[in-house]
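Participant: Read off the chains here:
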Amino acid sequence: MKRIFAIALCFLLLPGICLAHKVIVFAWVEQGQVHVEGSFGSKRMARNSAVTALDNQGRVVNQGRTNSKGGYTFPLPEVAGDLLIRLDAGTGHQATWTVPEAELKAADIKKAPNAAMEKKAALEKGPSWIRIALGIGIIFILAFVTARFKAKRDHSND
Amino acid sequence: MHISEGILSGPVLAAGAAMAVAGTGIGLKKIETEQMVHVAILASAFFVASLIHVNIGPVSAHLILNGIVGLLLGFAAFPAILTALLLQSVFFQYGGLTALGVNVLIMAIPAVLSHYLLLPLLGRSEKMTFLAGFLAGFSSILMSSLLLSAALWLTHEEFWQTCVAVITAHVPVMIIEGVVTGFCVAFLLKVYPEIIPRRAR
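Top line first, the protein sequences correspond to chains A and B. The first sequence runs 1 to 158 under my numbering. The second sequence runs 159 to 359 under my numbering.
A couple of the hints might just be wrong.
Simulated pairs of lysine-lysine, DSSO-like, Cα-Cα distance not exceeding 30 Å [said to hold, decoys possible]:
#1 B:285 / B:187
#2 A:105 / A:119
#3 B:188 / A:152
#4 B:348 / B:188
#5 A:69 / A:119
#6 A:152 / B:187
#7 B:187 / B:348
#8 A:105 / A:69
#9 B:187 / A:150
#10 B:188 / A:150
Some residues of chain A that are not near chain B, with every Cβ distance over 12 Å (derived) [stated by the list, open to error]:
#11 33
#12 67
#13 73
#14 75
#15 154
To be clear, the hints were calculated from the coordinates, so they are not data collected in a lab. The beta-carbon is built from N, C-alpha and C at its ideal position, and this holds for glycine as well.
Isolated chain A (complex conformation) (with noise of 0.2 Å):
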């Protein structure tokens, strides 16, 4: 029992860096351009990534590429209801973030909202220990459960 438990500490503490893996957009609206930032955590940038703004119909009314620092700007376009931004940075990697009409509207407002921030700052976050905690245990947990259905038939077999 001493062993398994070693071994999984081994396999555990393998991940000495925890960094988040997924890609992340983020746009918001500055003196009547859109900004558009392009991430897969908080400084790995990403680049060339195709930009995508569609409209609540899902019509594209702008379309582009990220620059060398992730970033892609575009003029406000005119339209009613939210701005959805897709970004697609290649083999299966891609993320969507929606600018509300209401952002949209006050089009002169020189920095973006605090709510929105808020959200960038949230999903720049790498995972917490509690999460990789959580996950291992219910791993165990569903093993233990899994364990105990299979012993019970080979059982009742018997």
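Let chain A serve as the given structure and place chain B on it in line with the hints.
Facilitator: Just chain B, lined up with the frame of chain A:
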């Protein structure tokens, strides 16, 4: 290596889900009760492996560890990988929930193949054990890259271009996973041979 939401077409998602369910069913049937703790350990390792990033030059990829999971578990890799990917999707937003079946296939098929092709090499000698582990780690990532490209190609993307992009991005991971799997398997055979399937000990 995790396909996001909204990338694949409906038929590809449905076929992937059906095949993943079938693989998981076979896996659950084949798992022995005493093997369950090993399944949990390896599923946990797989669950956290994607948090380890490999940054070499402009390339940024993460470890997967499907090679060692498959080599040691065989078909039981299906339920292990399914559980780990589901939790990664829910807790870390890695990969889409609708693409879960396809993601499971991409990582579990090479894992199971490495079990049946490379397990006979384990335990023959130290070098052969390391080689089997290295090949399992290396080839699983290579095959997963090919399957990922095929899944994207079935929907809309150009196969060879995607294939080259995915394989290039994962070359460092293939080498690192090969070495890690080689050392892990050699180490496990010495200190905890019970985790190695009986016929290879």
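Participant: It remains to establish, for every hint, whether it holds in the given structure.
Facilitator: For each hint, the structure was consulted:
Using a Cα cut-off of 30 Å, the hinted pair residue 285 (chain B) and residue 187 (chain B) is violated, with the two alpha carbons roughly 33 Å apart. Between residue 105 (chain A) and residue 119 (chain A) the CA atoms are separated by roughly 20 Å; this keeps the pair inside 30 Å, and the hint holds. A distance of roughly 16 Å separates the Cα atoms of residue 188 (chain B) and residue 152 (chain A); the hinted pair therefore holds under the 30 Å criterion. With a C-alpha separation of about 25 Å, the suggested pair residue 348 (chain B) and residue 188 (chain B) falls inside the 30 Å cut-off, and the hint holds.
Using a Cα cut-off of 30 Å, the hinted pair residue 69 (chain A) and residue 119 (chain A) holds, with the two alpha carbons roughly 20 Å apart. The hinted pair formed by residue 152 (chain A) and residue 187 (chain B) meets the criterion: a straight-line CA distance of about 14 Å does not exceed 30 Å. Between residue 187 (chain B) and residue 348 (chain B) the CA atoms are separated by roughly 29 Å; this keeps the pair inside 30 Å, and the hint holds. Restraint check for residue 105 (chain A) and residue 69 (chain A): satisfied, since their Cα atoms lie roughly 27 Å apart, inside the 30 Å limit.
Our distance criterion of 30 Å between C-alpha atoms is met by residue 187 (chain B) and residue 150 (chain A), whose separation comes to about 9 Å. Distance check on the hinted pair: residue 188 (chain B) and residue 150 (chain A) sit about 11 Å apart at the alpha-carbon level, within 30 Å; holds. Every CB of chain B lies more than 12 Å from the CB of residue 33 (chain A), the least distance being 26 Å, so the non-interface label holds. Distance check for residue 67 (chain A) against chain B: the nearest CB is about 15 Å away, which clears 12 Å, and the non-interface claim stands.
Residue 73 (chain A), annotated as away from the interface, keeps every beta carbon of chain B farther than 12 Å; the closest lies near 23 Å. The beta carbon of residue 75 (chain A) sits about 26 Å from the closest Cβ of chain B, which is more than 12 Å, so the claim that it is off the interface holds. Remark: the non-interface label on residue 154 (chain A) conflicts with the geometry, its nearest Cβ contact in chain B lying 7 Å away (cut-off 12 Å).
Hints 1 and 15 from the list above are not met by this structure, while the remaining hints are.
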